[in-house]
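Student: Please take these sequences and the hints and turn them into a complete structure.
2 protein chains.
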Amino acid sequence: MSEETFDVIIVGAGVLGVATAYYIQLNSPEKKILLIDRNLAAGQANTAMSAAAVRNMFASSTNQILTDTSIKYFEYVQNELGHELFFEKTGYLWLLSESQFKQESVQLWMQRMKASGVHYKVYNKKELKELIPGLNVDFSGDEEAELMHLQEADFGLFGGDCGVLDPTRLVEHYFEEFKKITHVKPRFGVCVKKLLLEAVPKLDLPGEPHVWQQKKVTGVITDKGTMRAKTVVLATGAWANELLDPVGIDSMTKAKKRQLFVIHAEDNPKLHDLLDTKGFNELGCIPFTILPSAGVYFRPQLQERGFWIGCGDKFGRGYEYIQTDDMMVPESAYYENSMYPVLAKYLPAFESARPVNSWAGGYCYSPDRIPFVYEECGVLVVNGASGSGIMKADALGRIADALYRGEPEAELFGGKHVSSKMLSIKDRNVEIESVVI
Amino acid sequence: MSEETFDVIIVGAGVLGVATAYYIQLNSPEKKILLIDRNLAAGQANTAMSAAAVRNMFASSTNQILTDTSIKYFEYVQNELGHELFFEKTGYLWLLSESQFKQESVQLWMQRMKASGVHYKVYNKKELKELIPGLNVDFSGDEEAELMHLQEADFGLFGGDCGVLDPTRLVEHYFEEFKKITHVKPRFGVCVKKLLLEAVPKLDLPGEPHVWQQKKVTGVITDKGTMRAKTVVLATGAWANELLDPVGIDSMTKAKKRQLFVIHAEDNPKLHDLLDTKGFNELGCIPFTILPSAGVYFRPQLQERGFWIGCGDKFGRGYEYIQTDDMMVPESAYYENSMYPVLAKYLPAFESARPVNSWAGGYCYSPDRIPFVYEECGVLVVNGASGSGIMKADALGRIADALYRGEPEAELFGGKHVSSKMLSIKDRNVEIESVVI
Numbered sequence: 421m422s423e424e425t426f427d428v429i430i431v432g433a434g435v436l437g438v439a440t441a442y443y444i445q446l447n448s449p450e451k452k453i454l455l456i457d458r459n460l461a462a463g464q465a466n467t468a469m470s471a472a473a474v475r476n477m478f479a480s481s482t483n484q485i486l487t488d489t490s491i492k493y494f495e496y497v498q499n500e501l502g503h504e505l506f507f508e509k510t511g512y513l514w515l516l517s518e519s520q521f522k523q524e525s526v527q528l529w530m531q532r533m534k535a536s537g538v539h540y541k542v543y544n545k546k547e548l549k550e551l552i553p554g555l556n557v558d559f560s561g562d563e564e565a566e567l568m569h570l571q572e573a574d575f576g577l578f579g580g581d582c583g584v585l586d587p588t589r590l591v592e593h594y595f596e597e598f599k600k601i602t603h604v605k606p607r608f609g610v611c612v613k614k615l616l617l618e619a620v621p622k623l624d625l626p627g628e629p630h631v632w633q634q635k636k637v638t639g640v641i642t643d644k645g646t647m648r649a650k651t652v653v654l655a656t657g658a659w660a661n662e663l664l665d666p667v668g669i670d671s672m673t674k675a676k677k678r679q680l681f682v683i684h685a686e687d688n689p690k691l692h693d694l695l696d697t698k699g700f701n702e703l704g705c706i707p708f709t710i711l712p713s714a715g716v717y718f719r720p721q722l723q724e725r726g727f728w729i730g731c732g733d734k735f736g737r738g739y740e741y742i743q744t745d746d747m748m749v750p751e752s753a754y755y756e757n758s759m760y761p762v763l764a765k766y767l768p769a770f771e772s773a774r775p776v777n778s779w780a781g782g783y784c785y786s787p788d789r790i791p792f793v794y795e796e797c798g799v800l801v802v803n804g805a806s807g808s809g810i811m812k813a814d815a816l817g818r819i820a821d822a823l824y825r826g827e828p829e830a831e832l833f834g835g836k837h838v839s840s841k842m843l844s845i846k847d848r849n850v851e852i853e854s855v856v857i
Numbered sequence: 421m422s423e424e425t426f427d428v429i430i431v432g433a434g435v436l437g438v439a440t441a442y443y444i445q446l447n448s449p450e451k452k453i454l455l456i457d458r459n460l461a462a463g464q465a466n467t468a469m470s471a472a473a474v475r476n477m478f479a480s481s482t483n484q485i486l487t488d489t490s491i492k493y494f495e496y497v498q499n500e501l502g503h504e505l506f507f508e509k510t511g512y513l514w515l516l517s518e519s520q521f522k523q524e525s526v527q528l529w530m531q532r533m534k535a536s537g538v539h540y541k542v543y544n545k546k547e548l549k550e551l552i553p554g555l556n557v558d559f560s561g562d563e564e565a566e567l568m569h570l571q572e573a574d575f576g577l578f579g580g581d582c583g584v585l586d587p588t589r590l591v592e593h594y595f596e597e598f599k600k601i602t603h604v605k606p607r608f609g610v611c612v613k614k615l616l617l618e619a620v621p622k623l624d625l626p627g628e629p630h631v632w633q634q635k636k637v638t639g640v641i642t643d644k645g646t647m648r649a650k651t652v653v654l655a656t657g658a659w660a661n662e663l664l665d666p667v668g669i670d671s672m673t674k675a676k677k678r679q680l681f682v683i684h685a686e687d688n689p690k691l692h693d694l695l696d697t698k699g700f701n702e703l704g705c706i707p708f709t710i711l712p713s714a715g716v717y718f719r720p721q722l723q724e725r726g727f728w729i730g731c732g733d734k735f736g737r738g739y740e741y742i743q744t745d746d747m748m749v750p751e752s753a754y755y756e757n758s759m760y761p762v763l764a765k766y767l768p769a770f771e772s773a774r775p776v777n778s779w780a781g782g783y784c785y786s787p788d789r790i791p792f793v794y795e796e797c798g799v800l801v802v803n804g805a806s807g808s809g810i811m812k813a814d815a816l817g818r819i820a821d822a823l824y825r826g827e828p829e830a831e832l833f834g835g836k837h838v839s840s841k842m843l844s845i846k847d848r849n850v851e852i853e854s855v856v857i
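Residue numbers (my numbering), protein chains in the order written: chain A, 421 to 857; chain B, 421 to 857.
Everything labelled a hint here was simulated from the structure, so no lab data went into it.
It is possible that part of the hints are untrue.
Per the computed footprint, the stretches of chain A lying under chain B, defined by three or more beta-carbons under 8 Å from a beta-carbon of chain B, are [as the list claims (entries may be wrong)]:
| id | segment |
| --- | --- |
| 1 | 581–591 |
| 2 | 618–627 |
| 3 | 710–723 |
| 4 | 732–739 |
| 5 | 757–770 |
Here are the simulated distance ranges between beta carbons [stated by the list, open to error]:
| id | chain 1 | residue 1 | chain 2 | residue 2 | range |
| --- | --- | --- | --- | --- | --- |
| 6 | B | G537 | A | E423 | 55 to 65 Å |
| 7 | B | A753 | A | E423 | 24 to 34 Å |
| 8 | B | G645 | A | A535 | 49 to 59 Å |
| 9 | A | K622 | B | A753 | 15 to 25 Å |
| 10 | A | P626 | B | H569 | 11 to 21 Å |
| 11 | A | K846 | B | G561 | 34 to 44 Å |
| 12 | A | H692 | B | G645 | 49 to 59 Å |
| 13 | A | G502 | B | K622 | 55 to 65 Å |
| 14 | A | G738 | B | K605 | 25 to 35 Å |
| 15 | B | A753 | A | M748 | 37 to 47 Å |
| 16 | B | N447 | A | S525 | 27 to 37 Å |
| 17 | A | K846 | B | K690 | 37 to 47 Å |
| 18 | B | K605 | A | S839 | 49 to 59 Å |
| 19 | B | D696 | A | E424 | 54 to 64 Å |
For every residue, glycine included, the Cβ atom is placed at its ideal position computed from N, Cα and C.
Tutor: In structure tokens:
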């Protein structure tokens with residue numbers, strides 16, 4: 421097969437891939453940039469499987485700046501550029517027991533948000549009960565709740581600048597803008613089998629590259645042939661290890677299965693009431709809400725008049741080396757036995773409600789819960805967003821572009837500057853994140 | 421099958437497993453401790469595949485203290501207890517080019533060794549050539565050497581308190597001492613299939629543990645049945661992910677294949693001369709030597725009148741999720757094409773010498789090149805020594821024991837105290853190591 425050559429090949433047309441493609445092409449208009457994905461369209465894999473909520477309520481200044489600037493860019497896209505993202509400021513509501521609220525990590529989180537100017541508000545139990553009459557804030561005497569180790573909702577930590585959006589629309593924005601300026605038509609249905617690792621210079625010895633040779637990733641070997649580029653960008657999320665490990669680059673990330681189950685309000689007036697909870701936001705809807713126990717959360721879905729129910733699996737849910745096909749299959753028993761009992765205890769409105777839809781995907785976990793953007797031996801990696809890639813996509817795309825151009829700093833939306841090596845492995849300079857879902 | 425119950429099950433009878441078993445039993449004489457291994461004897465897997473060199477010449481104070489106290493214990497075992505370890509103070513000799521020697525990381529390494537009282541000596545090129553007449557220190561005009569990017573040996577960094585030992589003897593020491601005090605006969609040929617993860621308390625619900633239940637590792641499921649213990653110690657090295665990932669504990673480690681090739685001096689007088697190099701140590705032998713380029717190193721093997729040749733593979737040698745069977749198979753082409761050309765350039769005595777033996781195993785890589793010792797949900801993990809588990813075994817066994825007993829500090833050999841959580845993931849307090857082979 422003939423070999424084609426590009427300046428940059430970007431593997432993965434999820435939200436991080438399209439944002440990176442857009443910013444690299446924008447700032448290097450002469451470069452030939454090929455965007456490829458194994459799926460048949462952009463944003464169809466884990467980006468589409470996400471809960472697609474966005475928040476600036478992080479404990480680390482690193483994640484705060486990545487999300488805050490990205491969210492402001494999303495508002496700009498929707499309000500100034502007129503590209504509808506269905507970005508709705510529902511707010512985020514963390515429900516916490518008194519002991520959780522008093523934890524050092526939670527106090528530090530609030531202090532750091534205050535220091536960074538991230539707006540938040542604290543509700544007490546009485547206020548919560550007034551705002552959400554259907555919320556069960558008293559488990560006293562409930563033996564089942566005790567058996568389930570459920571913590572009571574004593575406090576609500578609310579961030580009004582947070583919300584939800586349509587990830588497909590966001591991908592579409594970057595992808596359409598990229599298509600306007602790229603010299604190379606993006607290609608879909610192209611599966612990268614491995615990175616092409618070659619000796620520099622090539623001596624054409626059998627078995628090279630040998631240990632005494634300098635080496636570099638010079639392209640990708642795909643099911644449609646070999647393609648070469650000076651830089652290969654990997655925006656492959658939970659698939660990164662499969663490509664990086666064989667060349668000896670440790671991505672530091674692992675995959676974890678996450679699932680979402682959709683409940684529609686339908687003819688259940690209590691669920692309509694819950695969805696239409698007033699007092700938190702201008703939309704007059706319930707915020708994206710995290711329950712105090714078991715990692716269960718839900719987001720409102722206003723167009724569908726429903727809720728997406730998720731769970732931040734911790735100990736007990738396996739890590740996987742790479743994403744498996746099995747990760748794409750939601751488990752109805754998991755909803756029934758793990759999520760539903762918790763959900764229905766806090767919000768009896770959900771009693772007897774059954775999912776009308778569900779999906780699952782791969783969550784790309786980083787050990788410090790901060791994403792990675794680094795370049796090593798011809799590969800530029802953008803991943804490890806620990807379930808919050810959408811809300812950091814704009815900042816990560818700009819940082820990847822700055823790194824590509826060899827710029828010491830990246831300018832984020834709004835004019836803030838950060839070191840382009842801040843998210844690398846070798847020169848990492850981040851605050852460890854404690855607030856992930 | 422019937423289920424047996426112990427206080428502690430230790431999985432893996434490599435050097436870290438036997439040292440940990442010994443110290444836990446020594447300090448908790450009443451506990452029932454079962455040591456198991458999939459192999460048919462202790463120390464037969466990666467411990468036996470190691471180059472078994474020991475050094476205190478690390479750049480991090482963390483690795484310095486782990487190795488320095490362990491090496492002093494090994495001397496005590498050999499000299500005071502009379503258990504022959506074939507611990508020979510050959511010394512370690514790092515050969516470096518001028519530009520390598522001037523690197524900030526190398527200067528910092530020397531500063532830190534000085535600060536910690538680690539003895540070392542610097543030789544210049546002239547002194548090296550006098551001590552090792554067979555060493556090629558001048559590649560000028562050698563086009564092949566230039567093509568191979570070989571750096572000249574301008575400096576030698578020598579540590580006289582370092583050496584080599586017989587790993588089988590070291591394992592035997594801990595294993596025999598453990599057998600004297602354990603209540604339970606160690607079992608071999610027992611393969612752990614998975615960790616037993618259970619809800620606490622068990623409610624006997626279908627599919628438990630569910631997300632709202634507290635959970636804990638309560639034993640192991642093996643090919644010989646299920647065994648329960650309050651604490652399961654994993655000293656499984658490069659196999660850890662296979663057991664930890666499914667329960668949702670990220671070991672942070674990865675495996676890498678490493679190979680050793682044995683050259684005997686036989687009837688080659690130049691190799692005998694090289695082996696009998698005087699001036700470095702009381703044994704009158706060549707030290708364990710690391711060449712300036714490509715990661716190639718060799719250790720003298722005095723009993724066999726030969727050398728073990730190894731290579732610290734970097735970029736280009738794949739990481740693996742877990743150790744594979746393939747990792748146990750040495751590649752003769754790798755010796756021929758990668759290691760030999762480098763070796764023969766620096767030391768022409770090796771020209772035309774061919775390996776008489778070879779083996780390969782799994783190197784358990786930690787991202788900061790510092791080992792892990794931590795307890796999480798019923799599992800106590802001891803691993804990630806990045807190729808230097810043998811030389812840290814005594815300290816790691818003592819730290820694991822202190823952590824098991826809930827002691828805030830571990831007392832290392834010689835009386836030094838360190839935090840027992842220093843090597844954990846959550847409360848990690850270490851210096852990043854820059855000097856690994």
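Student: Now, for every hint given, state plainly whether the structure supports it.
Tutor: Hints, one by one, checked against the model:
1. 581–591: violated (count 0)
2. 618–627: Since three or more residues must qualify, the claim that chain B covers the segment 618–627 of chain A holds, with 4 doing so at under 8 Å.
3. 710–723: As far as the segment 710–723 of chain A goes, the hint holds, because 4 residues have Cβ atoms under 8 Å from chain B.
4. 732–739: holds (count 7)
5. 757–770: holds (count 5)
6. G537(B) x E423(A): 55 to 65 Å: For G537(B) and E423(A) the Cβ distance comes to about 57 Å; the hint holds.
7. A753(B) x E423(A): 24 to 34 Å: The hint (24 to 34 Å, Cβ to Cβ) holds, given that A753(B) and E423(A) are roughly 26 Å apart.
8. G645(B) x A535(A): 49 to 59 Å: For A535(A) against G645(B), whose Cβ atoms are near 56 Å apart, the range 49 to 59 Å holds.
9. K622(A) x A753(B): 15 to 25 Å: Holds, at about 18 Å.
10. P626(A) x H569(B): 11 to 21 Å: With Cβ atoms ~19 Å apart, the hint holds.
11. K846(A) x G561(B): 34 to 44 Å: Since the Cβ atoms of K846(A) and G561(B) sit about 36 Å apart, the hinted range of 34 to 44 Å holds.
12. H692(A) x G645(B): 49 to 59 Å: Check passed, 54 Å falls within 49 to 59 Å.
13. G502(A) x K622(B): 55 to 65 Å: Because 57 Å falls inside the window, the suggested range holds.
14. G738(A) x K605(B): 25 to 35 Å: holds, 33 Å
15. A753(B) x M748(A): 37 to 47 Å: holds, 40 Å
16. N447(B) x S525(A): 27 to 37 Å: holds, 33 Å
17. K846(A) x K690(B): 37 to 47 Å: holds, 41 Å
18. K605(B) x S839(A): 49 to 59 Å: 58 Å Cβ-Cβ, so the 49 to 59 Å window holds.
19. D696(B) x E424(A): 54 to 64 Å: Roughly 58 Å apart at Cβ, these two residues keep to the hinted range, so it holds.
Comparing the model with each earlier hint shows a violation of hint 1 alone; every other hint is respected.
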